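Protein chains: 2
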Amino acid sequence: MGEFDFIADCLAPLAGPQGLGLLDDAALYTAAPGRDLVLTQDTMIEGVHFPKGHWGADTAEKLLRVNLSDLAAKGATPQGYLLSLSLPDGFDGKWGKGFALGLKAMQDEFGFSLWGGDTTKTPGPLTVSATLIGSVPSGKMVGRKGASPGDALFVTGTIGDAVLGLDIALERKIDAASGEAIWHWENAYYRPQPQLSARRMLRDYASAALDISDGLISDAGHLSKASGVGVTVNVDDVPLSTATRLWLAAQKDRKAALSRLLTGGDDYEILFSTAYPQGVIAAAKTLGIEVTRIGEITEGQGVTARSRSDVWNFDRPGYRHF
Amino acid sequence: MGEFDFIADCLAPLAGPQGLGLLDDAALYTAAPGRDLVLTQDTMIEGVHFPKGHWGADTAEKLLRVNLSDLAAKGATPQGYLLSLSLPDGFDGKWGKGFALGLKAMQDEFGFSLWGGDTTKTPGPLTVSATLIGSVPSGKMVGRKGASPGDALFVTGTIGDAVLGLDIALERKIDAASGEAIWHWENAYYRPQPQLSARRMLRDYASAALDISDGLISDAGHLSKASGVGVTVNVDDVPLSTATRLWLAAQKDRKAALSRLLTGGDDYEILFSTAYPQGVIAAAKTLGIEVTRIGEITEGQGVTARSRSDVWNFDRPGYRHF
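As given, the protein sequences belong to chains A and B, one line each in that order.
For reference, each letter of the first sequence is one residue, going 59 to 380 in the numbering used here.
For reference, each letter of the second sequence is one residue, going 59 to 380 in the numbering used here.
All the pointers check out, no bait thrown in.
Same chains, same label: a pair holds when it works inside one copy or across any pair of copies.
Only pairs whose alpha carbons sit at most 25 Å apart, straight line, appear in this in silico BS3-like list of lysine-lysine:
1) K155 <-> K283
2) K179 <-> K110
3) K283 <-> K179
4) K162 <-> K179
5) K110 <-> K162
Everything labelled a hint here was simulated from the structure, so no lab data went into it.
Note that the structure is a prediction, hence the values are computed from the model and not measured.
For reference, chain A alone in the conformation it holds in the complex:
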């Protein structure tokens, strides 16, 4: 299967009207009146962000899930995306078909469409990049900037499952883990759930928000920097799944193990601040979203992580690319 066949057979059926049948080299989009656009881009590389020989559908899903998570944190509704594929020599049509299946599953689940992009050949590893376009009611995007001293700090879902899933992906041994726990962690790593159902709640109540990709502590630092405030995280309050709690209880060095969960990244949960904690709790209940209060916004700068007994320091608060 060559470039033009791959585009015509696998990708063109995924195109929305904005994609002009992928016969053009541009997409055309008319934003609805009274809406702002939110744009986000993420790139994933074989051997870095997903294992070599990863099934095409899983790669496509992860790429879109990660980008959708960015939109969710902004309170935005996904509209469409552009896709840049750099494919290594010996392009495999089977991979291409799987990749398109994964894209379709995501489009069907979250209601958006392919608008265009670029396909090229690379002497390097498979590299996939997506630019997602979402929209919010005018003036309602939730940024990283906006947290104020006195705000409460919340997080959706549970933290640390994906870093254990990464251990499994890298074939590291995990002690004291049931088969069910392993499935749970793998799923968290490969199929992070973009918290799009939280977007209304975030628009109504959050003063600042971001999705956790680098690690809870590191991303709390991003919020601190963008908003010009201090962030306090009560590490004992950070929500863990049952599987992860059991794992943690079995670790000799609890502090080191918990640190790893808080800095491991890939959670794709949403960390947000709010001046209306009661509103958040009520809205989350209505929407069926798990939220947990894990700290507060203070004067000052940087992240303070503390347990009931001491203050923690993180040498390496999260993932850095270089």
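Model the placement of chain B on the given structure of chain A, informed by the hints.
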């Protein structure tokens, strides 16, 4: 220089207000009422689209020029862009600074700004990708679809300079070339001029348009396919620069040499059809743009290339990635 320093020191100064200081993981854009958005994406890889060790500023310029050319062909005005950088090990701060300089030169020349993107590490070659967002008055985007039998076929500028520039970049010997000619070809290859000044003319008169990246004949084929028409190209009418005309006159096999110019690609001139050839010629004169009528749109399908004496067949009408 690490990832966050590179973003803060080199890229953040290039961000428009839509980029939120590059402190967020998304961009925020409010389209002006009465405008449609045009989105385009292009990816370039070291060793494929530009030579290894290429100066950062040149790489940045080519990346943006190529994307701006897509917008020009649609009749769109550039607004902003997202940038995905996959940087190899041993990231070189000097390269990063040069790259930012090239971005700035393009932003200053064409009046648009950086909105965001993604930076990551790759075990493979340097890979840079940009998503450009432009706008047109509502309903005025010029697509690839829309050419009708009877329309005239035009091209801006001259064809074939860039493929000779590529020869120079690849250190192939070019016979019968002056120093000035070599400079001209190199410049055409490294610094294609996005034909943004043609956008008003295209919106007013073109029935279909696209920029020539794969090669004149191949891209004429894309227009043919998208519009469901035949395209006839009179090869003797295709405009050549003085340097390229002199080179062609010195070649033993004129037909093979001319074929190469027509299929070499990287011209980034605009190929377009129009029902108003007189309007095009008058508008081009006013705007100071070179346009040449090189053929016509017919019933049927595919591209017919003919000289005064015969019909030409192209086994390989243009560049294919795989």
